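Read left to right, the sequence shown gives residues -23 to -1, 1 to 287 (mature numbering (1 follows the signal peptide of the UniProt record, and there is no 0)).
Hints in this document: simulated from the structure, not taken from any laboratory.
FRET-style restraints, in silico, Cβ to Cβ: (1) ALA113 / PRO177: 34 to 44 Å; (2) LEU160 / GLY285: 39 to 49 Å; (3) VAL85 / ASP237: 33 to 43 Å.
Listed below are the simulated SDA-like cross-link pairs for lysine to any residue, each with C-alpha atoms no more than 20 Å apart in a straight line: (4) LYS243 / GLU262; (5) LYS243 / LEU189; (6) LYS243 / GLN221; (7) LYS167 / PRO177.
These figures come from a predicted structure and were not determined experimentally. Note that CB positions come from ideal geometry on N, CA and C, so glycine has one too.
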Amino acid sequence: MTRMPALDRRALLGGALAAPALAAVPAALPALAAAPAGAPAGPWTEAGSVVRAGGRLAWRALGPRDGAPVVLLHKLGGWASDWRGVAPRLGAGRRVIAFDLPGHGDSVMLGNPPYVQTVAETAAMLVAALDELGIARASFAGNSLGGVVSTAIAATWPARVERLVLASVSLFPGYDRARLAELEAQRDPKVYTADWRPVPRAAGGAGDFATLVPEVETEQDASRARADRWIRPNERGVGLFNTQAALARTIAPLLFVYGDRGHYVKYVETGRALRGDARVVQLAETGSFVHQERPVEVAAAMRRFLDGEG
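Construct the entire structure; sequences and hints are all you get.
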(Lines of atoms letter the chains of each structure in order from A and count residues from 1; the text may use other names and numbers.)
(Lines give C-alpha, C1' and ligand atoms only; values in the text may rest on other atoms or scores of the structure.)
Protein backbone atom coordinates (compact mmCIF):
# COMPACT_ATOMS: atom_id res chain seq x y z
CA MET A 1 0.00 0.00 0.00
CA THR A 2 1.05 3.61 -0.54
CA ARG A 3 3.00 5.13 2.33
CA MET A 4 2.30 8.72 3.27
CA PRO A 5 5.37 10.99 3.34
CA ALA A 6 6.05 13.03 6.45
CA LEU A 7 3.78 16.04 6.85
CA ASP A 8 5.03 19.20 5.24
CA ARG A 9 6.08 21.95 7.66
CA ARG A 10 3.50 24.20 6.06
CA ALA A 11 0.61 22.19 7.51
CA LEU A 12 -1.15 24.51 9.92
CA LEU A 13 -2.60 23.85 13.33
CA GLY A 14 -5.47 26.27 13.27
CA GLY A 15 -3.41 29.44 12.75
CA ALA A 16 -5.02 32.67 11.61
CA LEU A 17 -5.34 33.39 7.90
CA ALA A 18 -3.17 36.44 8.24
CA ALA A 19 -0.39 34.73 10.21
CA PRO A 20 3.04 36.06 9.14
CA ALA A 21 4.62 32.60 9.15
CA LEU A 22 3.36 29.06 8.77
CA ALA A 23 3.68 26.89 11.86
CA ALA A 24 5.41 23.52 11.85
CA VAL A 25 3.47 20.43 12.87
CA PRO A 26 4.86 19.13 16.17
CA ALA A 27 5.86 15.49 16.55
CA ALA A 28 2.92 14.85 18.85
CA LEU A 29 -0.24 16.81 19.43
CA PRO A 30 -1.39 16.81 23.05
CA ALA A 31 -4.93 17.93 22.29
CA LEU A 32 -7.35 18.30 19.44
CA ALA A 33 -8.37 21.73 18.29
CA ALA A 34 -11.92 22.64 19.21
CA ALA A 35 -14.58 21.21 16.93
CA PRO A 36 -16.83 23.60 14.99
CA ALA A 37 -19.79 24.94 16.96
CA GLY A 38 -22.28 22.12 17.44
CA ALA A 39 -19.99 19.43 16.00
CA PRO A 40 -19.31 16.28 18.04
CA ALA A 41 -15.65 15.98 18.98
CA GLY A 42 -15.21 12.61 17.29
CA PRO A 43 -12.23 10.24 17.38
CA TRP A 44 -9.68 12.60 15.83
CA THR A 45 -6.21 12.85 17.35
CA GLU A 46 -4.96 15.75 15.23
CA ALA A 47 -6.43 18.81 13.60
CA GLY A 48 -5.09 21.57 11.43
CA SER A 49 -5.68 23.76 8.42
CA VAL A 50 -4.01 24.65 5.16
CA VAL A 51 -4.05 28.17 3.76
CA ARG A 52 -4.94 28.39 0.09
CA ALA A 53 -5.81 31.34 -2.12
CA GLY A 54 -9.20 32.49 -0.94
CA GLY A 55 -9.23 30.93 2.49
CA ARG A 56 -8.28 28.05 4.74
CA LEU A 57 -9.20 24.37 4.50
CA ALA A 58 -9.57 22.63 7.86
CA TRP A 59 -8.75 18.96 8.40
CA ARG A 60 -8.92 16.35 11.14
CA ALA A 61 -6.95 13.15 11.25
CA LEU A 62 -6.18 9.95 13.10
CA GLY A 63 -3.78 7.07 12.61
CA PRO A 64 -0.01 6.89 12.02
CA ARG A 65 1.50 9.55 9.81
CA ASP A 66 3.27 6.93 7.74
CA GLY A 67 0.07 4.90 7.25
CA ALA A 68 -1.68 4.50 3.91
CA PRO A 69 -3.74 7.72 3.56
CA VAL A 70 -7.51 7.77 3.18
CA VAL A 71 -9.22 11.12 2.53
CA LEU A 72 -12.86 11.48 3.67
CA LEU A 73 -15.11 14.19 2.20
CA HIS A 74 -18.53 15.08 3.59
CA LYS A 75 -21.91 15.92 2.07
CA LEU A 76 -23.33 19.25 0.98
CA GLY A 77 -23.96 21.16 4.18
CA GLY A 78 -22.01 18.64 6.25
CA TRP A 79 -18.66 18.68 8.06
CA ALA A 80 -15.76 16.36 8.82
CA SER A 81 -17.61 14.98 11.84
CA ASP A 82 -20.00 13.20 9.46
CA TRP A 83 -17.32 10.50 9.15
CA ARG A 84 -16.53 10.10 12.84
CA GLY A 85 -18.29 6.70 13.09
CA VAL A 86 -16.40 5.29 10.11
CA ALA A 87 -12.91 6.78 10.48
CA PRO A 88 -11.63 4.82 13.52
CA ARG A 89 -12.88 1.53 12.05
CA LEU A 90 -10.85 1.70 8.83
CA GLY A 91 -7.81 0.01 10.36
CA ALA A 92 -5.09 0.95 12.82
CA GLY A 93 -2.46 1.16 10.10
CA ARG A 94 -4.19 3.84 8.05
CA ARG A 95 -3.81 7.58 8.09
CA VAL A 96 -7.38 8.89 7.91
CA ILE A 97 -7.88 12.57 7.06
CA ALA A 98 -11.30 14.25 6.92
CA PHE A 99 -11.57 17.72 5.39
CA ASP A 100 -14.16 20.43 5.85
CA LEU A 101 -15.04 21.50 2.31
CA PRO A 102 -14.95 25.21 1.36
CA GLY A 103 -17.35 27.25 3.48
CA HIS A 104 -18.22 24.23 5.65
CA GLY A 105 -17.26 23.40 9.21
CA ASP A 106 -14.01 25.15 10.12
CA SER A 107 -12.95 25.86 6.52
CA VAL A 108 -13.10 29.64 6.44
CA MET A 109 -13.26 31.43 3.10
CA LEU A 110 -12.53 35.12 2.59
CA GLY A 111 -15.38 37.44 1.65
CA ASN A 112 -18.91 36.56 0.67
CA PRO A 113 -19.74 33.24 -1.03
CA PRO A 114 -19.58 33.33 -4.83
CA TYR A 115 -22.66 32.65 -6.92
CA VAL A 116 -21.11 29.29 -7.89
CA GLN A 117 -18.41 27.32 -6.11
CA THR A 118 -17.47 24.93 -8.91
CA VAL A 119 -16.55 21.31 -8.35
CA ALA A 120 -13.33 21.88 -10.28
CA GLU A 121 -12.33 24.72 -7.94
CA THR A 122 -12.96 22.64 -4.84
CA ALA A 123 -11.13 19.63 -6.28
CA ALA A 124 -8.10 21.78 -7.12
CA MET A 125 -8.08 23.31 -3.64
CA LEU A 126 -8.04 19.86 -2.05
CA VAL A 127 -5.26 18.57 -4.29
CA ALA A 128 -3.21 21.65 -3.43
CA ALA A 129 -3.93 21.13 0.27
CA LEU A 130 -2.78 17.51 0.02
CA ASP A 131 0.44 18.74 -1.60
CA GLU A 132 0.95 21.00 1.40
CA LEU A 133 0.44 18.00 3.68
CA GLY A 134 2.93 15.93 1.69
CA ILE A 135 0.34 13.43 0.38
CA ALA A 136 0.98 12.51 -3.24
CA ARG A 137 -1.47 9.60 -3.48
CA ALA A 138 -4.42 8.48 -1.36
CA SER A 139 -7.70 6.62 -1.38
CA PHE A 140 -10.75 8.87 -1.39
CA ALA A 141 -14.22 8.36 0.04
CA GLY A 142 -17.03 10.89 -0.33
CA ASN A 143 -20.73 11.31 0.31
CA SER A 144 -22.96 13.61 -1.76
CA LEU A 145 -20.88 16.72 -2.58
CA GLY A 146 -17.79 14.98 -1.23
CA GLY A 147 -18.35 12.08 -3.60
CA VAL A 148 -18.71 14.37 -6.60
CA VAL A 149 -15.47 16.15 -5.65
CA SER A 150 -13.73 12.80 -5.14
CA THR A 151 -14.89 11.72 -8.60
CA ALA A 152 -13.53 14.94 -10.11
CA ILE A 153 -10.16 14.35 -8.46
CA ALA A 154 -10.06 10.73 -9.65
CA ALA A 155 -10.93 11.77 -13.22
CA THR A 156 -8.53 14.71 -13.40
CA TRP A 157 -5.58 13.37 -11.40
CA PRO A 158 -5.85 9.57 -11.75
CA ALA A 159 -2.30 8.97 -10.55
CA ARG A 160 -3.19 10.50 -7.19
CA VAL A 161 -6.09 8.16 -6.41
CA GLU A 162 -5.38 4.69 -5.06
CA ARG A 163 -9.01 3.63 -4.55
CA LEU A 164 -12.35 5.43 -4.72
CA VAL A 165 -15.43 4.99 -2.50
CA LEU A 166 -18.69 6.74 -3.37
CA ALA A 167 -21.21 6.60 -0.54
CA SER A 168 -24.65 7.86 -1.62
CA VAL A 169 -23.65 10.21 -4.44
CA SER A 170 -25.72 11.85 -7.18
CA LEU A 171 -24.32 10.57 -10.47
CA PHE A 172 -25.85 13.45 -12.40
CA PRO A 173 -25.09 14.49 -16.02
CA GLY A 174 -25.24 18.20 -15.19
CA TYR A 175 -26.90 21.15 -16.92
CA ASP A 176 -25.90 24.53 -18.33
CA ARG A 177 -26.21 28.05 -16.94
CA ALA A 178 -29.51 28.65 -18.70
CA ARG A 179 -31.07 25.68 -16.93
CA LEU A 180 -29.53 26.80 -13.65
CA ALA A 181 -31.23 30.17 -14.06
CA GLU A 182 -34.57 28.43 -14.61
CA LEU A 183 -34.11 26.35 -11.48
CA GLU A 184 -33.26 29.42 -9.43
CA ALA A 185 -36.77 30.68 -10.08
CA GLN A 186 -38.15 27.41 -8.70
CA ARG A 187 -36.60 27.76 -5.24
CA ASP A 188 -38.27 25.39 -2.78
CA PRO A 189 -39.17 27.42 0.35
CA LYS A 190 -39.02 24.21 2.38
CA VAL A 191 -35.32 23.91 1.55
CA TYR A 192 -34.06 27.50 1.18
CA THR A 193 -35.19 30.90 2.41
CA ALA A 194 -35.61 33.77 -0.07
CA ASP A 195 -31.99 34.79 0.50
CA TRP A 196 -30.72 31.21 0.01
CA ARG A 197 -30.16 30.24 3.61
CA PRO A 198 -30.87 26.58 4.49
CA VAL A 199 -34.16 25.71 6.16
CA PRO A 200 -33.70 23.25 9.07
CA ARG A 201 -34.35 19.74 7.82
CA ALA A 202 -35.82 18.60 11.10
CA ALA A 203 -38.50 21.23 10.44
CA GLY A 204 -39.48 19.62 7.14
CA GLY A 205 -36.69 20.78 4.84
CA ALA A 206 -35.21 17.34 4.12
CA GLY A 207 -37.15 16.67 0.95
CA ASP A 208 -35.90 13.51 -0.76
CA PHE A 209 -32.66 13.60 1.24
CA ALA A 210 -34.19 11.88 4.22
CA THR A 211 -32.48 9.84 6.89
CA LEU A 212 -34.02 7.11 9.01
CA VAL A 213 -32.00 8.21 12.05
CA PRO A 214 -33.37 11.34 13.77
CA GLU A 215 -30.01 12.15 15.37
CA VAL A 216 -28.43 12.44 11.93
CA GLU A 217 -31.11 14.90 10.84
CA THR A 218 -30.61 16.97 14.00
CA GLU A 219 -26.86 17.12 13.44
CA GLN A 220 -27.44 18.09 9.81
CA ASP A 221 -29.28 21.18 10.96
CA ALA A 222 -26.21 22.20 12.96
CA SER A 223 -23.76 21.55 10.12
CA ARG A 224 -25.99 23.24 7.56
CA ALA A 225 -26.39 26.28 9.79
CA ARG A 226 -22.60 26.40 10.04
CA ALA A 227 -22.20 26.35 6.24
CA ASP A 228 -25.14 28.73 5.80
CA ARG A 229 -24.91 30.66 2.52
CA TRP A 230 -22.07 28.48 1.22
CA ILE A 231 -24.46 25.57 0.67
CA ARG A 232 -26.27 26.88 -2.38
CA PRO A 233 -23.09 27.98 -4.28
CA ASN A 234 -21.66 24.47 -3.83
CA GLU A 235 -24.98 22.95 -4.90
CA ARG A 236 -24.98 25.10 -8.03
CA GLY A 237 -21.47 23.84 -8.75
CA VAL A 238 -22.64 20.23 -8.54
CA GLY A 239 -25.53 20.99 -10.86
CA LEU A 240 -23.17 22.42 -13.48
CA PHE A 241 -20.77 19.46 -13.26
CA ASN A 242 -21.16 16.33 -15.40
CA THR A 243 -20.45 13.69 -12.75
CA GLN A 244 -21.38 10.87 -15.12
CA ALA A 245 -18.75 11.89 -17.67
CA ALA A 246 -16.14 12.30 -14.94
CA LEU A 247 -16.96 8.90 -13.42
CA ALA A 248 -16.63 7.24 -16.83
CA ARG A 249 -13.06 8.58 -17.02
CA THR A 250 -11.98 7.21 -13.65
CA ILE A 251 -9.69 4.18 -13.53
CA ALA A 252 -9.20 3.64 -9.80
CA PRO A 253 -10.81 0.57 -8.21
CA LEU A 254 -14.29 1.69 -7.16
CA LEU A 255 -16.76 0.83 -4.41
CA PHE A 256 -20.33 2.13 -4.35
CA VAL A 257 -22.10 2.12 -0.96
CA TYR A 258 -25.78 3.09 -1.04
CA GLY A 259 -28.92 2.66 1.03
CA ASP A 260 -32.27 1.52 -0.34
CA ARG A 261 -34.29 4.66 0.47
CA GLY A 262 -34.29 8.28 -0.64
CA HIS A 263 -32.81 10.38 -3.41
CA TYR A 264 -29.60 8.50 -4.15
CA VAL A 265 -31.05 5.01 -4.78
CA LYS A 266 -31.77 5.75 -8.44
CA TYR A 267 -28.05 6.20 -9.08
CA VAL A 268 -27.07 2.64 -8.17
CA GLU A 269 -27.87 1.39 -11.67
CA THR A 270 -26.26 4.46 -13.20
CA GLY A 271 -23.06 3.61 -11.38
CA ARG A 272 -23.15 0.02 -12.56
CA ALA A 273 -23.63 1.16 -16.15
CA LEU A 274 -20.76 3.63 -16.03
CA ARG A 275 -18.31 1.42 -14.13
CA GLY A 276 -19.30 -2.20 -14.58
CA ASP A 277 -16.16 -3.30 -12.76
CA ALA A 278 -17.15 -1.53 -9.54
CA ARG A 279 -18.21 -3.32 -6.40
CA VAL A 280 -21.68 -2.35 -5.09
CA VAL A 281 -22.82 -2.62 -1.48
CA GLN A 282 -26.43 -1.65 -0.83
CA LEU A 283 -27.70 -1.57 2.75
CA ALA A 284 -31.35 -2.35 3.46
CA GLU A 285 -33.53 0.03 5.46
CA THR A 286 -31.01 2.82 5.09
CA GLY A 287 -31.58 6.38 3.93
CA SER A 288 -29.47 8.99 2.18
CA PHE A 289 -26.48 9.08 4.51
CA VAL A 290 -25.26 5.50 4.80
CA HIS A 291 -21.98 6.33 6.54
CA GLN A 292 -23.80 8.12 9.36
CA GLU A 293 -26.77 5.77 9.66
CA ARG A 294 -24.79 2.52 9.38
CA PRO A 295 -21.16 3.40 10.20
CA VAL A 296 -20.15 -0.09 11.35
CA GLU A 297 -21.32 -1.79 8.16
CA VAL A 298 -19.98 0.97 5.91
CA ALA A 299 -16.59 0.90 7.61
CA ALA A 300 -16.42 -2.89 7.29
CA ALA A 301 -17.19 -2.70 3.56
CA MET A 302 -14.66 0.08 3.07
CA ARG A 303 -11.97 -1.72 5.02
CA ARG A 304 -12.36 -4.89 2.94
CA PHE A 305 -12.21 -2.82 -0.23
CA LEU A 306 -9.19 -0.79 0.88
CA ASP A 307 -7.46 -4.04 1.83
CA GLY A 308 -8.02 -5.25 -1.73
CA GLU A 309 -10.49 -7.97 -0.77
CA GLY A 310 -13.22 -6.73 -3.09
